[in-house]
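Visitor: Here are the chains, one letter per residue:
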Amino acid sequence: MKILTKWLRTYLPNLSVDDSQLAEDLTLRGIAVEGIFSLGPGNGSLYEMDITTNRVDAMNHYGIAREAATIYGVELKALDIALPAAQPSATAFSVKIEAEDACGRFTARVLRDITIGPSRDWFAGAQVSTYFGLLEQKQISNAVDATNFAWLAMGQPTHAFDLDKIQGGIIVRRARKGEKLKTLDGMDRILDADDLVVADHVKALGLAGVMGGWDTMITPETKNVLVEAAWFEPMAVRRTARRHGLHTDASHRFERGADFNAAPVASAIVSRILLANGGQIEGDFVDVRVTSWEARTSHRPAITLALSEVHRLLGKTVDKEGINASTVEAFLTGLGCQLSAAPAQAPSWQVILPSWRLDLQREIDLIEEVARVYGYNRFANTLPAFGEGVKALPWAEAESVTRRTLLAAGFHEAISSTFCSNGEAALTAPTPGQIVPLGNPLSEEAGVMRPSLVPGLLNSVAGNLNRDVADVRLFELGTVFSGTTERVEERPALAFAAAGNLPSQSSLHSGRAIEFYDLKGVVEQVLARYQVRDTYFDRFPSDSGLTPAWLHPYRCARVAADGLTIGWFGELHPAEATARKIKDAVLIGEIYIDRLYRLPLRKPAAREISRFQPVRRDFSLVLDRNIPWEWIDKSLASLQIPELVDWRAAEVFRDAKLGANDYSLLVSTTFQAPDRTLREEELQSFQSRVVDAVSKAGARLRT
Amino acid sequence: MTQDAIPALPEYNDSALDQAFAALAKQATDEAAAVGSPDDLEAFRLRWVGRKQGRLNDVSARWLKGAPAEAKKSVGERFKALKDLVEGLLDRAAGAGPSDAALAAEAIDITLPGTRRLTGAEHPITRTLNEIVSVFAALGYSVGVGPEVETDFYNFESMNFPPGHPARDTQDTLVIANQERRPLRDRLLLRTHTSPVQMRTMEQQAPPVRIVIPGKVHRNDAMDATHSPIFHQVEGLCVDTNITFSDLKGTLDHAMKALFGSSVKTRFFPSFFPFTEPSADVQISCIFCGGKGCRKCKHSGWIELLGCGMVDPAVFAFAQEKQPAYDPKKISGFAFGMGVERIAMMKYGISEIGQFYAGDMRFLNQFV
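As they're listed, the protein sequences go chains F and E. Note that my numbering numbers the first sequence so that position 474 is 474, with each residue one more than the last. Note that my numbering numbers the second sequence so that position 154 is 154, with each residue one more than the last.
If you are wondering where the hints come from, they were derived from the structure by calculation, not from laboratory data. Keep in mind the model is a prediction, meaning the values are calculated, not measured. All C-beta atoms, glycine included, are put in the ideal place defined by N, C-alpha and C. Treat the hints with care, as some may be off.
[Unchecked claim] Result set (DSBU-like, lysine-lysine): computed pairs, CA atoms no more than 35 Å apart in a straight line:
#, chain 1, residue 1, chain 2, residue 2
1, F, Lys6, E, Lys298
2, F, Lys138, E, Lys298
3, E, Lys265, F, Lys2
4, E, Lys83, E, Lys26
5, F, Lys177, F, Lys203
6, F, Lys391, F, Lys138
7, E, Lys292, F, Lys6
8, E, Lys83, E, Lys72
9, E, Lys72, F, Lys391
10, E, Lys347, E, Lys292
11, F, Lys316, E, Lys322
12, F, Lys177, F, Lys2
13, F, Lys391, E, Lys265
[What the hints assert, rightly or not] Covered, in the sense of this in silico footprint (three residues per stretch, anywhere, with C-beta under 8 Å from a C-beta of chain F), are these stretches of chain E:
#, region
14, 127 to 140
15, 277 to 285
My request is simple: use the sequences and hints to build the entire structure.
Guide: Rendered as structure tokens:
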């Protein structure tokens, strides 16, 4: 919104500060001047304003002048418009408010023998052409300019009708369902029974408070004019405007609450400008008011304001004297309130609220006004006393430990979209049929709430590969959604993805491609941070329907902890890779981290470290290819030899000499006792027990 | 060996003895310096202190034993000094390991880049969220959280956005499908701010309350350089007896100094939020130019950073439905909220908000 300081100053004859000081002082009081442009000698400045939506009263010259008058305690000139005496009329113009719930006031003034054309300048100091020129507002005709002028001066929408096109008189009523109206923008509209219209005795003439009608608009041929200035109820205007996809200056103001008492003044401004080109007023000014609306706007009951409440809520000021009774009185009076001392507990007041400030309704609203005009930066910076403990969220530590584990494993943290496409959701949802669609999605690709972090992470992986970033390691800790449109469940989840080479490539060694076991290691590391009694990895037959469709059915694993599925990981299904134009192998997984969050975190406990020499024994085994490591692992565990402190699969290799059905496995074991050096006989006995155990698991010693 | 054999001493006067012993000392020192391998060391040891052909044995046998009685003492002293020298050389050579020449053969190019273990980078948003949260934790704020899919009641109505109120227009809302038939307050939407957690917390907990609420929020905004349908906020709420507007100012002034440096100044402007009154926008002195004015602060010297205000009594009235202790005549409070992306963009010099959500390794690498 643009404001001319030249115009402002006509209302503030005693204002002595310059334009830049005025701009700063207004801004510090919430009437924000975003830009100042000097308009040359004698023309003052143009302010570019940014005013918060609750202050519609200040979105015009007079409203801002009132703020300035309050800040500096200077005179604000009254908006008195002198009009010539009216010619008598045999019958008063008929105005009827039928929709009393939606229209509080409707005023009408009949102007006869009007000449439509360029507006002539009117009273000194407020020339239409000067102001419009400085504002770069196009002058159209005296009728349009007059309503624009009233709008810019005081923020009151008005409307001028071609009186001769009105049949009978005015009725403010609800539209009839299906009623037709061509509005000023040339659109033919079909009305709803809830639309509020200004009508004559035959048909709707305009959308009340939103836009006038085509048929009754002023034309160069117009001779007689009816000037409307009214007050419409905010919600009724808002519903009408929304229904017709309209947002006009008028609807903006009415939706946020117009000044009930502004209509006569605005009507006078419009009439005065039109009469500058000749013509006369006919009959009395018609002013129909609905008492109940008057009581809720201009005649609101006084509210109580206590100085003690001002102090209780606002606290300390930088200045010693601070806010006292006379400050409060000066500020609120300047803003248009009427204060009288309340008898109850002094100092306190009964405050009558101005009709143009419908945002003021309660004591707190007045306290805000006091703080605002006083200046926020004149309050001290204090810190409240505090006596409570700080509580962490139950899963805060688990989340932090999990994040640190992934960061230490070299994965970058990603945050991806909360939404995905229906197809992506169907592919990745852990529970089918639990996808939650959006009612107004940004796009089809973002049509549903993500049931899994996999789609987002896959998009990030694909994005990196497309940009020729081959080495990717990403994880995300985020919320996933499931349920129905009636009830949505949110759970935290963890997903990770990797492609390319292991990143520890020095200049002298080439890296190796990241593989399934690297990802499995990460999963194990995460699980190791929790107190899990039994962790295992398995997979299901490819036709079982239990394997997530986004995973390679033979190169993926389910992770289970204490019998509960914790997640899935493995190679991306080749079909999904192709669908995303990914040529590289991608490893990806998702952990239902909420299930881990329910477990306690592992608490480190130290054990005595043996001072005695450990002994390593390697066993070279030959196994049928269908025998997994797990069997060997379990067979060794089942021995329960306390001195067998460690064993691992040291090497797996296949050799043509062994035949297609066998493979060779080197198992490395370590024996150590806490209290003695192991004797050869003991070791011999352990070794033969190991051989026995692995033989039972199906392995034979390689010879 | 013969030419190197210990010769007989022609004379036993002091100068002859000095000369003879000095020559041997020099010989031992030179040979010790040439030792470059364990084999060299062993050879040196055998040559000088070997039981059979060690030179010290020879010296002892020839010079000491052959000395006339009156010279025995002066030869003995000099022999002792030579022996100490040789043993010292031996110890040093044993400790010194390979010779410099041998080591030089093993020289490497130390200007080749070091092998780095890649460590993951915490997302700049997570990092910024945590920074903000810990500043407030030090002021006694616990962390509060709430759902991302909210009801109209918590997101709007209880935050004093009445049904149909124009203030709702300022927050374009993404909604869950098929809500039209449900009562307005039960309709599900994606929370447009973290403020609903204020109400959820107050319903659960009587005053005093001090919580800081980090979280993801959504708006129906198209992505551009500074807007995104997904972003993060940190909300704060402090309710107790005698909480004042000056406490709000002091708290945020302290927090901004903790986040951006102790020289940062704050200033407060009147603003409007339905759930606070009085409401304020907070600006901090530009962290790039120190307030002198630069491109980043549009030459104003100030950067707008957060919104705040005293909790509106209407919000307390909603809380009172479940917790009567939120009587606005007895308690008061303040709330504040800030956009995490905006702060992170400022702190790290990020120009496109979309980079936060692309998972681009090249972007994330910068935050290791």
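Visitor: For every hint, state whether the structure bears it out.
Guide: Hints, verified against the model:
1. F:Lys6 / E:Lys298: 27 Å, holds
2. F:Lys138 / E:Lys298: 31 Å, holds
3. E:Lys265 / F:Lys2: 30 Å, holds
4. E:Lys83 / E:Lys26: Between E:Lys83 and E:Lys26 the Cα gap is close to 13 Å, so the pair holds against 35 Å.
5. F:Lys177 / F:Lys203: Measuring from Cα to Cα gives roughly 13 Å; hence the hint holds.
6. F:Lys391 / F:Lys138: 62 Å, violated
7. E:Lys292 / F:Lys6: 31 Å, holds
8. E:Lys83 / E:Lys72: 16 Å, holds
9. E:Lys72 / F:Lys391: 88 Å, violated
10. E:Lys347 / E:Lys292: 18 Å, holds
11. F:Lys316 / E:Lys322: 32 Å, holds
12. F:Lys177 / F:Lys2: 40 Å, violated
13. F:Lys391 / E:Lys265: Given that 35 Å is the threshold and the Cα spacing comes to 30 Å, the pair holds.
14. 127 to 140: With 3 residues in contact (Cβ-Cβ under 8 Å with chain F), the coverage given for the region 127 to 140 of chain E holds.
15. 277 to 285: Our answer is that it holds, as 4 residues pass the Cβ test (under 8 Å) against chain F, meeting three.
Consistency with the previously given hints fails for numbers 6, 9, 12, ordered from lowest to highest.
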